Amino acid sequence: MTSPLFETIGLTKAYPGVVANDDVSFAIRPGEIHALLGENGAGKSTLVKTIYGLVKPDAGEMLFKGTVYAPSEPRAARAAGVAMVFQHFSLFEALSVAENIALGMENPPKPRDLAARITEVSAQYGLPLDPDRLVGDLSAGERQRVEIIRCLLQDPKLLIMDEPTSVLTPQEVEILFHTLRKLRDEGTAILYISHKLDEIRALCDEATILRLGKVVATCTPREVSAAEMAELMVGKSLSRPARDAGAPGEVLLHVGGLSVTPASPFGTPLRHIGFEVRAGEVLGIGGVAGNGQDELLAALSGETRVPPRTILLSDTPVGAMGPNKRRALGLLCAPEERLGHAAAPDMTLTENAVLTARVRQQLDRHGFVDWGSTRDYAAKIIERFDVRTPGTEVAARALSGGNLQKFVIGREVLQNPKVLVVNQPTWGVDASAAAAIRQALLDLATGGAAVIVISQDLDELLEISDRFCALNEGRLSAPRPARGLSMEEVGLMLGGAHDMHEAQPEAAE
Amino acid sequence: MIRLEKRPTPSRAWNIGAPILAVVLTMIAGGVMFALLGQDPVEAIRVIFWDPLFHERFAAFSRPQLLVKAGPLILIAIGLALGFRAGIWNIGAEGQYIMGALFGAAFGLALYPSESPLIFPAMVIAGALGGWAWAMIPAILKTRFRTNEILVSLLLVYVAEAILASAATGWLRNPEGMGFPGSRDLARHPGTDNPEVIAGTGMHWGVITAFIAVIAAYVLLNRHVLGYQIKLAGQAPRAARFAGVNPGRLVILCLGISGVLAGMAGLFEVSGPAGQITIDFNVGYGFTAIIVAFLGRLHPIGILLAGLLMALTYIGGELAQLMLGVPASAIQAFQGMLLFFLLALDVLANYRIKRAREVVA
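Chains as they are written, first to last, in the numbering used here: chain A, 2 to 510; chain B, 430 to 790.
By construction, these hints were calculated from the structure, which means they are not laboratory data. All values reported here derive from a predicted model rather than from experimental measurement. Mixed in with the good hints there might be a few duds.
Straight-line C-alpha distance at most 27 Å; calculated BS3-like pairs for lysine-lysine [claimed, not checked]:
1) A/197 / A/111
2) A/50 / A/158
3) A/111 / A/381
4) A/50 / B/783
5) A/50 / B/435
6) B/783 / A/111
7) A/57 / B/783
8) B/783 / B/435
9) A/183 / A/197
10) A/381 / B/783
11) B/783 / A/326
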């Protein structure tokens with residue numbers, strides 16, 4: 002047993018109304034991949050931000066290499082040898098890889114030296130990356146490599162990774178794991194945050210499980226089952242979504258020859274997309290973010306207008322209609338970005354209820370909003386979808402991600418849609434909320450609606466879809482029955498890993 | 430060290446409390462300034478805030494002036510606030526105000542010397558159209574060619590001022606005015622005048638219109654779908670598009686409404702308090718209304734109060750110049766402080782101040 006590299010002792014941090022971290026103690030040894038597990042709101046983010054110097058704890062202390070460690074800001078944390086790869090990348094799309102990396106460094110070397118260092122480090126760890134390419138042209142996986150290499154150039158002793166695989170294809174995940182294992186073998190400690198239990202079992206040496214701000218368990222992931230870890234995390238056993246499979250009915254939504262040129266230079270064009278969804282069916286559309294998911298949702302929701310006959314809703318051409326006309330006909334959508342797209346952050350839940358439900362729920366009379374029935378509708382969503390909130394008059398941004406997502410999905414589901422399109426329905430949502438959302442989508446399909454689920458979470462798609470297809474660089478593959486598809490087949494449908502072939506020989510070195 | 434921490438929900442108490450605290454702080458800082466100028470600070474503050482309303486000699490004159498000055502400010506600010514709420518920045522209300530006055534006055538003078546009671550209402554409509562047309566220029570340029578409405582509307586103010594100068598010295602000049610610039614006196618001609626509705630109160634038709642606009646804007650923002658869409662577009666443009674709001678339509682509507690209100694304000698002014706078109710009948714109400722809109726937190730009731738407060742500082746400022754000999758620039762500095770403190774305290778509605786403790790060892 003080596004002595005710990007990093008240790009927290011009794012860390013406590015309270016925010017008004019909630020104790021985010023309550024007496025949290027855990028330790029990481031050098032060369033250990035340590036998983037931090039927990040539902041949304043369990044306090045993982047606060048803990049990690051404390052370690053990275055973004056949050057000051059109310060009580061408790063941290064030890065790094067045996068001495069007291071209290072970073073006042075991320076710069077101090079980096080100087081001490083702690084690096085972090087965030088879930089959301091902080092990269093400038095219009096700058097090159099090398100320029101982006103230089104921006105994140107305290108004393109960047111000369112551009113030429115830096116480019117050489119990037120090439121060297123990327124080769125050493127099997128993360129192919131061309132320093133001169135524009136970040137705007139990179140895939141999500143490649144963008145993550147930029148962030149990782151930015152960290153590795155600082156030669157960190159402790160590397161924090163926040164949900165790193167959520168944007169990766171299965172093959173890219175393998176490349177990442179290879180890199181992380183290599184780092185571990187060199188003695189770097191890695192704090193790995195994820196809710197994907199299978200990955201944690203494959204990668205991590207130790208796990209600390211948080212629930213409601215407290216450490217509820219520590220375990221060695223290889224020795225326990227994913228189900229056991231999930232139960233520790235949630236505090237109760239999880240029910241897997243299920244439904245009675247019925248025969249699919251008539252075609253409700255038909256999309257054919259849908260091509261869209263993106264408005265922004267970094268958007269993805271949609272190329273000749275075509276598919277059908279039938280009543281009672283769930284169509285899963287997989288793919289790594291940035292391959293046209295947002296553009297596809299915008300074309301289906303009516304935010305982007307397309308030629309009328311490219312989208313037929315029960316044989317009615319709706320392509321040229323705006324969002325509210327489509328809603329009136331029964332085509333509803335829930336976008337990925339909750340704050341700012343699906344909901345207005347500073348508006349109350351009541352005000353957010355009227356955002357999409359006005360037409361179908363008749364929440365206005367002669368152009369005047371009927372706030373009474375709107376409040377009732379918001380209360381109904383909160384009750385049916387178990388949204389944890391003090392009430393309907395709370396700003397949307399005050400809700401946790403998972404609770405707001407339940408509200409957003411509930412708002413559409415309770416409008417009784419004919420066709421519902423959801424993008425990333427469970428992204429960043431804790432396990433029990435995710436299960437509830439999936440079950441609601443399945444119930445909707447059982448009730449005779451057609452459901453389209455766009456997601457990066459392949460396990461989720463295979464679990465709930467009847468048919469599966471993949472979106473890659475704006476092209477949609479032919480749908481295949483989801484039952485019996487293996488992960489390898491799915492990976493190939495997704496277009497394989499980016500730069501797989503270059504990665505393999507270096508990985509073998 | 431002091432830190433700001435974002436509140437989970439904007440504080441309702443501070444939304445109301447911040448403007449009041451700003452007024453108090455302005456009084457304190459202004460008092461210090463007046464003291465440095467050799468004035469008795471308490472006396473100066475009293476002259477500015479108290480005497481216009483309650484001084485036994487001056488109040489009879491300055492009390493009606495309060496409504497006369499506040500009326501156009503409130504009317505214009507209500508229109509601007511709708512746009513500002515939607516993230517549409519009409520900075521050129523002054524130009525729309527001038528064009529409204531010109532359109533309305535030109536219409537009334539074209540029918541001179543008729544005294545028909547229908548002329549004044551028609552002039553109001555002409556004034557509204559003038560302001561609307563002037564606001565449509567930035568609106569159409571923005572929706573068609575994506576120009577910036579801030580620049581276009583602002584620069585059009587200077588165009589409007591040039592047209593005003595040509596009207597006052599040329600095509601609208603009083604033929605019986607012995608060569609002096611300026612139009613015929615609209616306020617002294619029955620039919621084109623905008624009289625006080627209740628004598629001695631300053632309450633002319635423009636003030637009544639301003640009060641109606643406050644109520645209408647309140648209802649619009651709180652009850653109507655359009656008001657909801659305006660707020661949504663300002664707070665979350667993507668969510669607004671998702672909710673089916675057409676951004677171009679909103680630009681046309683918001684600039685149109687603010688143009689109509691500014692144009693009407695111009696007409697009411699030129700046919701009432703100002704009386705005639707002169708080279709400089711406009712005194713910057715269109716710009717001051719921007720301050721009033723923000724001072725009132727873009728809320729109709731707030732704008733009503735802010736307009737009255739702003740008018741009070743104008744009148745009180747003039748009174749202070751007269752009675753105490755305070756320089757005009759000191760009064761402007763005083764008004765500047767008010768805006769400064771208001772914007773500075775604005776932050777408290779969304780953030781709370783935290784004194785960061787040293788790290789617990």
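**Study point:** Hinted pair residue 50 of chain A and residue 435 of chain B, Cα distance within 27 Å
**Key:** OK: residue 50 of chain A and residue 435 of chain B at ~16 Å, within 27 Å.
Exercise for review: Could you grab the alpha-carbon distance between residue 183 of chain A and residue 197 of chain A and see if it respects the 27 Å cut-off?
Suggested key: The hint holds at about 21 Å.
Point to revise | Proposed proximity, residue 111 of chain A with residue 197 of chain A (alpha carbon, max 27 Å) | key: violated, 40 Å
Review point. Taking only the CA atoms, is the gap from residue 50 of chain A to residue 783 of chain B under or equal to 27 Å?
Key: holds, 18 Å
Review point. Does residue 783 of chain B pair with residue 326 of chain A here, judged by a C-alpha cut-off of 27 Å?
Key: violated, 48 Å
Practice item. Starting from residue 783 of chain B, check that the Cα of residue 435 of chain B is at most 27 Å away, please. Key: Holds, because 10 Å separates the two Cα atoms, which is no more than 27 Å.
Point to revise | Hinted pair residue 381 of chain A and residue 783 of chain B, Cα distance within 27 Å | key: violated, 37 Å
**Study point:** Agreement of residue 57 of chain A and residue 783 of chain B with the hint, judged by alpha carbon distance not exceeding 27 Å
**Key:** holds, 13 Å
Practice item. Would you check the hint for residue 50 of chain A and residue 158 of chain A, treating anything up to 27 Å between C-alpha atoms as holding? Key: Answer holds: residue 50 of chain A to residue 158 of chain A is near 17 Å, not above 27 Å.
Practice item. Sort out whether residue 111 of chain A lies within 27 Å of residue 783 of chain B, counting only the CA atoms. Key: violated, 41 Å
Review point. Are the Cα positions of residue 111 of chain A and residue 381 of chain A separated by 27 Å at most?
Key: violated, 60 Å
Checked against the numbered hints above, the structure violates hints 1, 3, 6, 10, 11; every other hint is satisfied.
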